[in-house]
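Residues per chain, in single letters:
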Amino acid sequence: MPKDNGIGASSKRREDVRFLTGAGRYTDDLNIHGQAYVCFLRSDTAHAKLASVETDQASAMPGVLRVFTGADFEGVGGLPCGWQITDRNGEPMKEPAHPILAQGKVRHVGDPIAAVVAETAAQARDAAEAILVDYDEMPAVVDMKSALESGPLVHEDAGTNLCFDWGFVEDNREAVDKALAAAHHVTTLKLTNNRLVANPMEPRVAIGDYDAATDVSTLYTTSQNPHVIRLLMGAFVLSIPEHKLRVVSPDVGGGFGSKIYHYAEEAFCTFASRQLLRPVKWTASRSEAFISDAHGRDHVTKIELGLDAEGNFLAIRTETLANMGAYLSTFAPAVPTYLHGTLMAGNYKTPQIYVNVKAVFTNTVPVDAYRGAGRPEATFQLERVIDKAAREIGMDPIELRRKNFIEKDQFPYTTPVALQYDTGDYAATMDKLEEIADIAGFDARAAESKRNGKLRGLGVNCYIEACGIAPSNLVGQLGARAGLYESATVRVNATGSVTVMTGSHSHGQGHETTFPQVVSDMLGIAEDQINIVHGDTANTPMGMGTYGSRSIAVGGAALVRATEKIISKAKKIAAHLMESSADDIEFADGQFTVAGTDKSVAWGDVCLTAYVPHNYPLDELEPGLEETAFYDPANFTFPAGAYACEVEVDAETGKVDIVAFAAADDFGNVINPMIVDGQVHGGIAQGAGQALLEHAVYDETGQIISGSYMEYAMPRADDIPDLIVDHSCQTPCTHNPLGVKGCGEAGAIGSPPTIVNAVVDALRRGGYEVDHIDMPLTPYRVWEAISR
Amino acid sequence: METVNLIVNGSAFSGEVEGRKLLSDFLREDLRCTGTHVGCDTGQCGACVVHVGGKAVKSCSMFAWEADGMEVATIEGMADEESLGDIQQAFQDSHALQCGFCTPGMVMSAAALLDENPNPTDAEIRDYLEGNLCRCTGYHNIVKAIRSVAERRASAGAA
Numbered sequence: 000m001p002k003d004n005g006i007g008a009s010s011k012r013r014e015d016v017r018f019l020t021g022a023g024r025y026t027d028d029l030n031i032h033g034q035a036y037v038c039f040l041r042s043d044t045a046h047a048k049l050a051s052v053e054t055d056q057a058s059a060m061p062g063v064l065r066v067f068t069g070a071d072f073e074g075v076g077g078l079p080c081g082w083q084i085t086d087r088n089g090e091p092m093k094e095p096a097h098p099i100l101a102q103g104k105v106r107h108v109g110d111p112i113a114a115v116v117a118e119t120a121a122q123a124r125d126a127a128e129a130i131l132v133d134y135d136e137m138p139a140v141v142d143m144k145s146a147l148e149s150g151p152l153v154h155e156d157a158g159t160n161l162c163f164d165w166g167f168v169e170d171n172r173e174a175v176d177k178a179l180a181a182a183h184h185v186t187t188l189k190l191t192n193n194r195l196v197a198n199p200m201e202p203r204v205a206i207g208d209y210d211a212a213t214d215v216s217t218l219y220t221t222s223q224n225p226h227v228i229r230l231l232m233g234a235f236v237l238s239i240p241e242h243k244l245r246v247v248s249p250d251v252g253g254g255f256g257s258k259i260y261h262y263a264e265e266a267f268c269t270f271a272s273r274q275l276l277r278p279v280k281w282t283a284s285r286s287e288a289f290i291s292d293a294h295g296r297d298h299v300t301k302i303e304l305g306l307d308a309e310g311n312f313l314a315i316r317t318e319t320l321a322n323m324g325a326y327l328s329t330f331a332p333a334v335p336t337y338l339h340g341t342l343m344a345g346n347y348k349t350p351q352i353y354v355n356v357k358a359v360f361t362n363t364v365p366v367d368a369y370r371g372a373g374r375p376e377a378t379f380q381l382e383r384v385i386d387k388a389a390r391e392i393g394m395d396p397i398e399l400r401r402k403n404f405i406e407k408d409q410f411p412y413t414t415p416v417a418l419q420y421d422t423g424d425y426a427a428t429m430d431k432l433e434e435i436a437d438i439a440g441f442d443a444r445a446a447e448s449k450r451n452g453k454l455r456g457l458g459v460n461c462y463i464e465a466c467g468i469a470p471s472n473l474v475g476q477l478g479a480r481a482g483l484y485e486s487a488t489v490r491v492n493a494t495g496s497v498t499v500m501t502g503s504h505s506h507g508q509g510h511e512t513t514f515p516q517v518v519s520d521m522l523g524i525a526e527d528q529i530n531i532v533h534g535d536t537a538n539t540p541m542g543m544g545t546y547g548s549r550s551i552a553v554g555g556a557a558l559v560r561a562t563e564k565i566i567s568k569a570k571k572i573a574a575h576l577m578e579s580s581a582d583d584i585e586f587a588d589g590q591f592t593v594a595g596t597d598k599s600v601a602w603g604d605v606c607l608t609a610y611v612p613h614n615y616p617l618d619e620l621e622p623g624l625e626e627t628a629f630y631d632p633a634n635f636t637f638p639a640g641a642y643a644c645e646v647e648v649d650a651e652t653g654k655v656d657i658v659a660f661a662a663a664d665d666f667g668n669v670i671n672p673m674i675v676d677g678q679v680h681g682g683i684a685q686g687a688g689q690a691l692l693e694h695a696v697y698d699e700t701g702q703i704i705s706g707s708y709m710e711y712a713m714p715r716a717d718d719i720p721d722l723i724v725d726h727s728c729q730t731p732c733t734h735n736p737l738g739v740k741g742c743g744e745a746g747a748i749g750s751p752p753t754i755v756n757a758v759v760d761a762l763r764r765g766g767y768e769v770d771h772i773d774m775p776l777t778p779y780r781v782w783e784a785i786s787r
Numbered sequence: 000m001e002t003v004n005l006i007v008n009g010s011a012f013s014g015e016v017e018g019r020k021l022l023s024d025f026l027r028e029d030l031r032c033t034g035t036h037v038g039c040d041t042g043q044c045g046a047c048v049v050h051v052g053g054k055a056v057k058s059c060s061m062f063a064w065e066a067d068g069m070e071v072a073t074i075e076g077m078a079d080e081e082s083l084g085d086i087q088q089a090f091q092d093s094h095a096l097q098c099g100f101c102t103p104g105m106v107m108s109a110a111a112l113l114d115e116n117p118n119p120t121d122a123e124i125r126d127y128l129e130g131n132l133c134r135c136t137g138y139h140n141i142v143k144a145i146r147s148v149a150e151r152r153a154s155a156g157a158a
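In order, the protein sequence lines correspond to chains A and B.
Note that numbering that gives the first Met the number 0 has the first sequence beginning at 0, numbered continuously upward.
Note that numbering that gives the first Met the number 0 has the second sequence beginning at 0, numbered continuously upward.
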């Protein structure tokens with residue numbers, strides 16, 4: 000029987016009402032009295048020395064308040080990187096400066112050179128066009144191999160385009176080499192993981208607002224993690240202490256990772272507002288987003304899988320080139336390393352694994368985490384090579400996967416790439432998948448497609464991800480320059496309603512609905528008596544924000560801990576009111592009862608007593624009922640699942656249609672099934688976009704070819720079929736109080752290999768000897784593979 | 000400057016606007032109807048869809064003065080004081096929105112679709128939404144919401 004409130008209920012989202020009536024409050028909807036507008040002049044050249052930047056004419060244009068150039072930022076810090084990788088030889092990664100405005104050199108198309116602040120946005124744009132830049136052009140390098148071999152240096156002071164050469168686990172290297180040399184069969188696959196642009200529908204916005212009377216700067220920004228922005232910008236860029244800096248992110252229109260990072264425009268607007276004593280607003284155009292939002296993926300990989308004669312996996316070796324772009328974005332170095340190499344075991348008991356990653360600077364937009372972040376790259380190569388291996392040894396791909404699954408009685412399971420999976424049941428999700436995708440009926444559907452002149456293929460795939468990011472002491476050892484706990488303050492009001500302040504920050508996930516479901520269950524009060532405050536550093540405890548499928552697993556856990564403290568104190572107050580001992584108080588359904596008696600007091604009476612302490616043990620207990628908890632997870636969480644896709648390919652044109660897609664996920668316990676379904680739907684669509692449509696393409700001079708929605712193909716409604724999703728297989732997380740694992744990235748991780756597996760299967764069923772096609776599988780690429 | 004007279008969500012507006020001002024910017028900045036969103040600058044994403052003269056248009060792709068003398072309907076006019084409109088309610092019931100940024104344009108397109116074709120097939124719904132990008136939902140629940148409105152209107156009409 001489905002629940003109608005609390006944990007496990009598909010409560011309708013309360014935030015929807017404002018979004019559906021045009022009453023949402025996104026950053027660009029904010030206008031501060033007296034605000035001026037910024038237009039950035041961005042480099043149209045990928046790599047050049049700046050011989051001169053002439054601003055006199057622009058400065059004299061109507062409405063212009065000031066034109067800023069790199070010279071204004073000489074004494075100001077650059078954008079910091081939040082994760083330091085140590086390479087195979089124990090050396091730190093190369094970490095070049097990342098200025099707010101270019102210091103004498105530009106390194107990618109879109110690199111900001113100057114900024115005009117004017118009375119209106121149109122005046123700022125007009126004046127930016129009047130700035131004269133004399134570029135001393137240099138050869139650009141876009142291809143990672145060229146960058147390492149002979150390319151011009153993106154950063155001369157680094158002396159190389161190699162950011163780091165990382166081995167994981169370095170001590171496994173020789174054992175893996177030996178195991179592969181001795182293997183009965185080795186399957187090798189070379190592939191690329193295509194560069195993507197996150198493309199949340201809301202472009203980025205920043206408004207700096209300095210109040211000279213209090214010496215406090217407020218930054219309104221489209222961020223997934225306002226506290227992180229305050230810390231990075233305050234401590235590393237502008238030297239503003241936290242108590243003089245407030246960061247506010249109101250409603251955020253999607254992020255998918257791209258709104259985690261601290262960007263130059265945020266620091267610029269804050270800085271310019273302090274200089275001009277005016278609020279300063281910047282709103283990105285979509286064209287600007289394509290050349291200034293951090294991009295995602297962009298790996299080139301060779302993977303080898305060794306098997307014995309029975310099909311048991313023996314060893315995996317992978318070599319990856321990972322594009323960092325022109326500068327290190329906030330968490331960029333963590334993505335191809337600890338978010339990627341650690342996942343190479345997948346759902347399987349492969350005993351020996353070695354991962355090598357070379358991170359490379361190129362004259363392209365910086366690359367950082369995008370929905371899944373490293374885990375999709377790991378899953379893609381692993382699941383593609385398994386499919387190829389199954390064909391090569393003549394085994395059904397589902398059977399080969401099942402044969403190598405970590406079995407459910409093997410948990411907790413320590414992988415050779417340093418993770419300990421706490422729980423899982425991969426055979427159960429595969430059983431569920433076979434049922435919901437009707438795998439048994441595929442042959443009949445393929446025959447029907449054939450009658451219609453189409454090649455039908457079936458792709459199956461498994462994935463695992465490490466979510467609930469992350470145990471601070473562990474990530475600290477691995478190079479993170481931040482803790483990754485989360486926080487919650489639960490404030491019980493005098494008449495019994497509850498306000499929750501959380502460091503997590505929804506950008507579409509529905510926290511305003513799901514967090515109250517948790518508190519409602521614990522306190523026995525109605526969900527509508529509970530309100531969530533988030534997205535404002537002035538009103539919430541320090542928290543690390545929302546990404547990496549962490550908000551319910553880490554933020555939710557903090558919420559549980561804070562609510563437990565509330566219950567503990569409330570029991571003491573109830574004990575006093577009933578002249579009993581707190582140890583004898585039971586709390587259920589909003590009633591405090593003395594165990595074994597009919598004596599009870601209601602939730603509301605206890606709350607009122609806390610704030611009107613006329614009859615109160617003030618010598619033992621403080622008045623008030625408000626508690627804060629910080630939760631630092633003991634381990635990652637490990638959502639996992641099995642996906643199936645059926646495609647139809649038109650062999651004459653190469654066009655691929657996804658005709659069926661099913662996902663069987665294990666997210667542990669689920670707070671709101673409706674919202675979880677939606678998260679998986681959206682993830683699958685983004686993965687389908689990567690597999691079939693999306694590609695951020697650069698030409699050899701470093702110009703981005705797909706820089707708008709005219710060229711960058713986003714998935715549209717008729718690209719995606721109806722989706723079958725199921726999360727009834729639940730092995731609850733063993734180390735967080737809700738038993739939850741997180742669900743935000745699963746779809747984007749699991750779907751790309753599923754779709755590519757399906758297309759390759761379709762072509763082979765049609766008699767075409769195709770082993771692999773690189774994403775996106777556009778009609779041209781598929782047709783080309785067929786025609787080879 | 001250009002003079003414009005238009006009716007937005009039933010209220011008359013007369014005033015002057017800069018010739019180059021887009022209808023989307025006019026609605027957001029001059030009328031403070033910030034429910035109309037701008038998600039791209041190439042008329043591709045559909046976050047800015049409003050109705051002009053009863054037809055769905057991308058308000059980022061026309062000048063404010065081009066709407067002179069016309070009736071404009073935006074997301075702010077889709078609910079009455081008491082309750083959401085039936086499309087809005089269906090979007091909430093079906094979880095057809097997540098971050099909410101594309102939602103106003105999506106609802107305005109859905110309204111135009113159901114005016115033109117009260118009983119669309121799923122394929123017709125998906126085809127009609129070609130001009131509206133959503134990055135969050137994968138469209139599954141948007142199609143479901145629109146289908147449910149068509150069904151509910153049909154059964155209400157039959158009763």
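Keep in mind that the hints are not guaranteed to be accurate.
Claimed, not checked - If you want a taste of the chain A side facing chain B, the calculated C-beta under 8 angstroms gives, among others:
1) R12
2) D15
3) V16
4) F18
5) Q122
6) R124
7) I683
8) A684
9) S705
10) Y708
For the record, the hints were derived by calculation from the structure and aren't laboratory data.
Every residue gets a Cβ at the ideal spot worked out from N, C-alpha and C, and that includes glycine.
Mind checking the CB of A/R12 against every CB in chain B and telling me if the closest is under 8 angstroms? holds (7 angstroms)
Evaluation of the interface hint that places A/S705 against chain B, nearest CB under 8 angstroms: violated (12 angstroms)
Minimum Cβ distance from A/I683 to chain B below 8 angstroms? Hint on A/I683: holds, closest Cβ of chain B at ~6 angstroms, below 8 angstroms.
Does the closest beta carbon of chain B sit nearer than 8 angstroms to the beta carbon of A/F18? holds (3 angstroms)
Taking the least C-beta to C-beta distance, is A/D15 closer than 8 angstroms to chain B? Nearest chain B Cβ about 4 angstroms off; hint holds.
Restraint outcome when A/A684 is required to lie within 8 angstroms of chain B by C-beta distance: Holds. Min distance 3 angstroms.
The hint names A/R124 as touching chain B; please verify it with the least Cβ-Cβ distance against 8 angstroms. violated (10 angstroms)
Taking 8 angstroms as the limit, does the beta-carbon of A/Y708 come near enough to a beta-carbon in chain B? Holds - the Cβ of A/Y708 comes within 8 angstroms of chain B, reaching about 4 angstroms at its closest.
Checking hints one by one. Is A/V16 an interface residue toward chain B, by the C-beta closer than 8 angstroms rule? holds (7 angstroms)
Verify the interface restraint on A/Q122: the C-beta must sit less than 8 angstroms from at least one C-beta of chain B. violated (11 angstroms)
Hints 5, 6 and 9 from the earlier list are contradicted by this structure; the remaining hints agree with it.
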